[in-house]
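S.K.: Sequence:
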Amino acid sequence: MELKNKRKIFEEKYTIGDFTANENFLSNCLEDKVRIPFVKVPGETAIPAGRYEVILDYSDRFKRTMPHILDVPEFEGVRIHAGNTDKDTHGCLLLGSWKEGDIISDSKIAMDILMDILLRCVSREERIWITIE
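For the sequence shown, this note's numbering gives the first residue as 26, with consecutive numbering after it.
Just so you know, the hints here were simulated from the structure itself, not pulled from any lab data. Watch out, some of these pointers could steer you wrong.
As the list claims (entries may be wrong) - Each computed BS3-like pair below joins lysine-lysine, with the alpha-carbon atoms no more than 27 Å apart:
| no. | residue 1 | residue 2 |
| --- | --- | --- |
| 1 | K133 | K58 |
| 2 | K133 | K33 |
| 3 | K65 | K33 |
| 4 | K58 | K31 |
| 5 | K112 | K88 |
| 6 | K38 | K58 |
| 7 | K29 | K133 |
| 8 | K29 | K112 |
| 9 | K38 | K124 |
| 10 | K88 | K33 |
| 11 | K58 | K112 |
| 12 | K124 | K33 |
| 13 | K112 | K31 |
Bear in mind that the values here come from a model prediction, so they are computed numbers and not experimental data.
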């Protein structure tokens with residue numbers, strides 16, 4: 026499975042992208058601000074562009090199984106999860122329908138769709154990757 030977040034709107038506190046699964050549009054994606062390489066403001070910086078493996082594992086913070094983006098330089102515990110504004114991101118990717126500014130809606134619906142797709146991948150023992158560009 027190939028996931029992709031194609032960043033398209035770069036603002037002072039947030040970034041909006043198009044999130045796809047095997048090149049099929051799934052939702053918009055809200056992240057923290059993209060900063061120059063090697064500059065990180067904890068909880069306010071988007072992960073570096075690149076290709077990363079994704080696994081499903083249990084999140085102690087969210088108390089359920091969720092997508093976990095592995096081996097992100099200078100980051101730990103990067104997840105794809107539900108949320109509504111850049112205050113919910115903390116370096117993670119939030120899925121939903123972009124409304125305006127840093128507001129997305131229907132985040133839980135988008136996450137339910139993604140989890141259904143990813144659980145089927147796991148049942149087929151298919152590896153999952155995400156490209157951030």
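S.K.: Any hints this thing doesn't respect? Which numbers, in order?
M.R.: Checked against the structure, the only hint that fails is number 10, while the rest are satisfied.
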